Structures are given as C-alpha cells and as structure tokens.
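Those protein sequences? They're chains X and V, same order as listed.
For the first sequence, our numbering begins at 1 and goes up steadily by one.
For the second sequence, our numbering begins at 1 and goes up steadily by one.
Do not take every clue at face value.
To be verified - A short, non-exhaustive set of chain X residues, derived as facing chain V with CB atoms under 10 Å: (1) Leu97; (2) Ser99; (3) Tyr102; (4) Ala126; (5) Thr137; (6) Glu141; (7) Glu147; (8) Met190; (9) Gly320; (10) Leu336; (11) Ile341; (12) Ser343; (13) Ile470; (14) Ser472; (15) Ser474.
None of these hints come from the bench; they were simulated from the model.
Owing to the predicted nature of the structure, the values given are computational and were not obtained by experimental measurement.
We put the CB at the ideal spot given by N, CA and C, even for glycine.
These are the residues of each chain, in order.
Protein chains: 2
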Amino acid sequence: MNKEFLYHEIAAGIANQITSGVLKNGERLPSVRKLCKDHRVSMNTAKRVFLELEAQSLIDSKPQSGYFVSQRPSFRLPLPEVSRPLLIAYDNEPDELISKVYTDMGNEELTLFSISAPSGDLLPLAKLKKEIIQATTALKEGGTGYEHLQGNVKLRRMIAVRSLGWGGDLHEDELVTTNGAMNAVSLCLMTVGKPGDTIAMESPCYPGTLQLAISLGFKVLELPTHPTTGLEIAALKEAIPKINICLLVPNFNTPLGSCMPDEHKKEIVELLASHHIPLIEDDIYGDLYFGAQRPKCCKSFDKEGNVLWCSSVSKTLAPGYRVGWVAPGKYKEQLLKIKLIHSISSVSIIQESVANFLKTGRYENHLRQLRRTLQDNYQNYVQTIGEYFPEGTKTSRPQGGLALWVEFNKRIDTRKLYDLAIKQRISIAPGRMFTLQDQFQNCMRLCIGLPWSVEIKQKLKQLGNLAKSIASASV
Amino acid sequence: MNKEFLYHEIAAGIANQITSGVLKNGERLPSVRKLCKDHRVSMNTAKRVFLELEAQSLIDSKPQSGYFVSQRPSFRLPLPEVSRPLLIAYDNEPDELISKVYTDMGNEELTLFSISAPSGDLLPLAKLKKEIIQATTALKEGGTGYEHLQGNVKLRRMIAVRSLGWGGDLHEDELVTTNGAMNAVSLCLMTVGKPGDTIAMESPCYPGTLQLAISLGFKVLELPTHPTTGLEIAALKEAIPKINICLLVPNFNTPLGSCMPDEHKKEIVELLASHHIPLIEDDIYGDLYFGAQRPKCCKSFDKEGNVLWCSSVSKTLAPGYRVGWVAPGKYKEQLLKIKLIHSISSVSIIQESVANFLKTGRYENHLRQLRRTLQDNYQNYVQTIGEYFPEGTKTSRPQGGLALWVEFNKRIDTRKLYDLAIKQRISIAPGRMFTLQDQFQNCMRLCIGLPWSVEIKQKLKQLGNLAKSIASASV
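Between the sequences and the hints, there should be enough to build the whole structure, so can you do that?
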C-alpha cells in the first residue's frame, strides 16, 4: 500500500475515535512503538500519524510521557471540496475586488479579517524597537549608506542557520535579501520568466501573485488543490507540457492553509527539474506550523538549484518592515542583476535589526507563542462560525498559517457580504479575489491573526448574521 | 531676440570678463537694476544672468550688498562636445561593465568614485538616528504593521510643502511613496509603458535606467545632450514619431550635471503632452543646486497630469534608507496598483523618520552645507584633474549634483583604466556604462560626493597617472 495513503488512513481512524468520543479528552494514546506493531508500519510512519493528529489539534504531546487526546474538544466543520478550476491558462485582468479590499489595509477603523497578517498585539514590539535603536547605533554611518547588493550578511547567515531546521542546509552566500517576500517573488518571476509564459499555481491562491503574474504579462494556469494536502500532483503532471514556471505556497498557503506532504514536495521538485521548469516556492507561512515540527520545503529536496525559495518575516515578526529574502538556486546571478535594476539595495537598518533579533533565542520563543495563539484562534473561529454562520458552512482545517477558508452554500455571494460587512466596519476577503476564473463566489478568507476577544467574536457573529440575511433574501 | 539666448549671451560676456581678468577677484559687479538699464532687459532676465554666473561659481552674492567676483578663481577645463548618439532605438543588453562596477558598492576598502552618492561624512547622522528612535517609539505598534498603500501621509505632506519651492504646488494626495527613486521610476515605467515601447532618454544617461528599460522589454532611443543645458530639444522633436515615453533627468543629471533651462522644460512638457507621450522626470538631484535658487522641474509646467515626477532622499540624506516618491499625475491609480503588486507597502519607520526630519529646519541647513561642500569639491576635483590628468582632458561643468564627467582623448579607454585603478583600490564609472551604443569609451564619471582630503587628491593623482600610462602605451 502507498505509504502516503497508509499514514493518512491510520490518522483518520484515530481522529474518528476521538471525535466520536471513543477516545476521551485527556486519554493517553498508544506509544509510537505500539502503533508500529499494531499497524505494521515503520517508526517514521507512526510518528507522522501523531504529527498529523497534533497538527489537527486533536492530540497534544507531553515531553517524556507521550501523546494524549487534546483536553479541549476540537470542533470541526465539514471540509470544502478539492477545487476544480478550468484547466485553461488565463491572462485576464484580476477582479477589481482585489484593489478594493487592499485599500482597507492600514485602516484602523476596520476589523481587518481581510488582511493576512498578524496583529501588532501578537508581536514582540518592545524587543524589536530595541533592536532598531541598536542597529542604528552599531551600523557604519548609521545605516545611511547603500547596502551591499546581496543584502545584510548577518541576516543571510541567520536565515541560513535557520534553514537547517527544515532541511534547507543553505549557505549565506546562496541568499539574497529583498523588500518582503512579494518583492522576492516579483524578482524571481522577472528572473526566470518572460511575458507570454504560463505559470502553474494552486487554486485558490494569493491574489497578489495573480496580479503580479498578469502585470508582468504572464498567463496563469490554476490547478486543482486539496484543502489539506495542497496541489494535486496528477493535475500538475498533466499540465507540464503547457507550463513554463511553477509558483507554489506548499506550507500553509493562503487562503486554504493546506500543507503539502513531504513526499509530494519531493515528487514535484523532481518532476519539475526533469522538465527544466523553475519552481518558485513562497514559504512565508512555514514557521507558523500548528503541529510539532516545522514542515520541510520543496527547497529541501532541490538538487539542481531549480527551486527559488522565498520567505520573509512579514507573517511572523513585522509586516511593515518589508524584510524578505530568496535562495534563488542556480538563478542567483541573474536575480541579483534584476534586484539592482529595480531597487538598488534594501534598507540596512531594518535588516540589521531583524538579523540581531533572529540571533537571540527570542525569535523561537516568540514563534512558539504566536503559533499557540494562532492555533487557539483557529479553534475559536471555527466554534463561533459553527454557532452563528448559516447551516452548511464549511471551513478549511489549516495546519498552520494565518488563514481560514470559509465556504458558504452557493446562494451566498461573498462580494455582497463584503459590501454589507464594510458598512459595519468589518473587512473580509471574498473568494473571487483568489482566482482569475468564475469560482469561489460563495467563499471567503478570514485572517486568524487577530487576538481573540469578545469583540472579535461579536464581529464574527455579525458576519454570520449578514450571511444568513443574504441566504434568506435569495431563497 | 529670444529671451533664453539673451540671458545666456549677457552671462557669457561677464564670464569672459572674469576669466580673462578684466573683472578682478572680489570686485563688485553692477547691480541688477544697472544691468537692466545697460542691456535693456527685464529684472527677471538680469537676475537670471547673476544666478547663472553664481551657478558657475564665478560670482558670489552677499546679502544686502550685491554680487562680487568670486574670491576663489574658478578653474575650468574645456567642455566636452554635445553628445551625438545614433538616432536608432536600441534594445541590446547593457554592457556587462555596469554589473561589474556596481558590485563595488558598499565595499569599504575602495575609494568609490564610481557610485553617485554623498559620503556618510557629509550626512546628519546623529540627527537621523534620533529621528529613527523617535519614529519607532511614536508609530502605532512600533511601525511593524503594513503601511497605507500610498505611503506615510506626513512624508507626503512635507514633500508637497517643499514642492512650493520649485513651483510644483503639489498636494499630499498627489504623491505616492516608494523604495527610493529607482523604484519610483520602475513603477512609472510599468504604469505607462508596455514591452516593445521606445523610451527617449538623455545621452549619456544613468546606467540603472538603461538596465531597467531593457529588462522591462523596452527599446531606448538616446538623444543628443548638451553638457550644460541638457537634452537638445530639436532632436526630441524629430524623435517624437518614434517614441512612446520620455524619461529625463532635467536637473543636474548624472553623469553630465547639466541643468535644462526652464524654457526648455516648459517647451518639452507642452510638446510631449500634445503628443500624449508621458514624461517620467527623475529629479533626485534637484535640491543639490550650486547656484542661488533651486531650478524648476518639468512638473512645474505640467497642466495635463502628464508628468510623473520622481525623487528621493538618497542623494541628499541617506542612500541606504530607500525613501523615494512619485507624483504620478493622471496615472496615480494605475501606479498605486502596480506598487501594491510589486512591493505591497514601504517601510513605515524609515518614512516616518524622514518625514519628521524634513519637518524641522534642519533639512534646509543640511542641504545648504552639503551644496557648498559639493561645489567646493567640484572646484578641487577640476583643479587636481588639470594638474595631474593627461593633456587635453575635458570636464563637464555641473551646476549641481554629485557627478563630474571627464572626457580623455580618444586613445584612453576607461574600461582599461577601471581595471588598472581597481588594483589600486580605486573604483571609477567608465563612460561605456552610460549608453547602449559604442560611445564614451574615453569618458568616465567621478562622484564628487566624497569629502575632500589629501587622500582623495592622492587617489585622483593616481588615476591621472594611470590614464597617462594608458595614453603613452597606446602611442
């Protein structure tokens, strides 16, 4: 039996026992060793079963004692279906909706469920401030000079060190800093592509990437995507002859929060390399895993330098700092040239501050806390949605990241919901933003990066009521 | 008689009297009123004569007393000819030289005559540091959040206020902040152009713009340019049917340091508007005038919103801050969309700091001092070049900015000079970088933004000796 399938099956079995109440809250689970024996699987497969269940918030690990059914009942709503976009490359202008929703960004009067970013309340503001002051003092000429084109070497070194955690084994010289991850992706696309090329992406996918691709004159081929395991490999295989570039967010992508299994990553990297199709990997959410371990990246399996791995601290530390980077593999020299052309260099002070922050253990502490908060938020959101949203509402089951994907029944158009909600000072991201095609009209993305509170719960309730009013008006 | 011609003629007459010794150092010049009477010209024309002479460092103004022949003899070398590029649109890859020279950027072991930026020694480092600390404290959430897409409103307001000084009369809402001026120009090109378009530029021109244009799939038409008055209007008129966009640096452009007379600016703005050709104006050096008054911009004459005015603080305050902006006229909405796509937002902390610095009088004080230093540097450079460089060396007469253009006789190839100089830890910018065509091989640009010292003089002497060695080897 396929390994992949096997561990999913075992995990699903245990999950079922938990949700049906056969296994009680707080009850101890069998050991990894016992699971191996019972199911005749390898240690690795057994471990993955537990990681999977932990990622779903169904179990907790206790050091030295093993795994236990989560004390907190994990509330779940039905999962949306695998997306089924038309397998045609589109190059039409993205929906106007994107610009409309993004102008809400930075508007302090709104509850911004629409923007995928952690709230400032969840960030280590005082420590970051200290780093900025120190960097301004420590840098030659106060950081006013042009920085080296490749970017702050301390920052690159810290990113390289951290890459060991996901099997990246990068060297500082393989990295180039950028003004945030979007800038990294933009530089990558200009490096490996040319107008007229077709890019394969997940569907639904991040609206900014759609806009970027179209503005650079590319066509976009959206591919079927599973709400928990991400891009469907079979569809990618079929699409190979039609595509020039592949752009994926394998770890906790927005809006689905899906996480591609390592086996899939490996297979995709090999498939694309064998066809000389560059893979741009956007890994901005990789550090925000809900499970026990950070997932690997496609870059972890890259032997040919064919993967351009992009990330940033925008989703974990400070969206407004615009500190990102890319490990462009064999495309480094070309990408450096493009960076020089479009922005000359990055902001020294901010890069130095982030480098110093990463150097201490504080970043790990902060991430641990942030992950726990996001996971709790996810549970609170889903429970509230179950309580107040129209019957039949489905949600994704993110295994990390900042996004929750909500699917209403077909009668509820989320563009209409946006218009109603904004009047109540609530901003959401309607599903139509996440595609160039006519799909996801009944979906929306909610950011779970806002600190949970009575007010947030109230705003979700309001959203639910508005959705119900649309549903009943259209009967 | 044409006004333009008239004031040039009167100024040239007085200049001649000064350089030939008829008017002695320190001698008082006739008053503005007397000049009006003698030459039967308007007050405005008479004033412009004095401004012109002051810009050429030939005379000084003393408050309440009038104008005097400069105490310091203005040393001059012959002026290079008007450039004569082939009037064919090129889309070949820019010379490899550009990348080679730019990798020297940030290398602390080199004397960087090659990079057009003020040395940190000439910048108000302590005050800037203070502003950064204050901004980090004052900003909501320490500036970690995404900034509003259009950029920091205080910064935009200050730029608008300052625009009154050059007849811009901008409103904060007409401005968009960017990551430096190159990023502004890049956004402008993506906003108004499409691959295959032809852009008219000055020749020689800034290498980064050439790279940018080619990388975006444009063709470049280089136009004849006068070393002191800039772009030749007749050539632009002839080129109109062939071009889609015009990109100029009218004030103290690099590498020539020329300044386009206001009449030319007005004429060009009207000409381009009547043919619906957008004008991207890069005004990064505008505040670095050596004369008495800041020159106007093309934007000052823009009635149709057809001029996209770009600038930054990279040449005046802090290259490494990457704070720039654009007033995109009627293209604002499109440009905002492009900004969102490629970089989402700018760095809040740095923008806030610069805004606060501009708000105080300190910026004006700093600029006054910086201008004086640059003007003195220019004199020192030219004198040293006259002393140590091969006979027949010509130099531009910048009326502002950071660049000095040096033209050797044809036997001296500055690419060879670069290779020899870099071994002595001196980096220069060979002329071939500033064109897509086969020209300027015997030219180079020197940055005059390094503080004058015995060492700098020594490095220039070394350069001169190397140039002589090339000349004699090729006889």
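Taking the hints in turn, this is what the structure says about them:
{"no.": "1", "hint": "Leu97", "result": "violated, 13 Å"}
{"no.": "2", "hint": "Ser99", "result": "holds, 6 Å"}
{"no.": "3", "hint": "Tyr102", "result": "holds, 6 Å"}
{"no.": "4", "hint": "Ala126", "result": "holds, 8 Å"}
{"no.": "5", "hint": "Thr137", "result": "holds, 7 Å"}
{"no.": "6", "hint": "Glu141", "result": "holds, 3 Å"}
{"no.": "7", "hint": "Glu147", "result": "holds, 6 Å"}
{"no.": "8", "hint": "Met190", "result": "holds, 7 Å"}
{"no.": "9", "hint": "Gly320", "result": "holds, 4 Å"}
{"no.": "10", "hint": "Leu336", "result": "holds, 8 Å"}
{"no.": "11", "hint": "Ile341", "result": "holds, 4 Å"}
{"no.": "12", "hint": "Ser343", "result": "holds, 5 Å"}
{"no.": "13", "hint": "Ile470", "result": "violated, 28 Å"}
{"no.": "14", "hint": "Ser472", "result": "violated, 36 Å"}
{"no.": "15", "hint": "Ser474", "result": "violated, 32 Å"}
The structure is inconsistent with the numbered hints 1, 13, 14, 15, although it conforms to all the rest.
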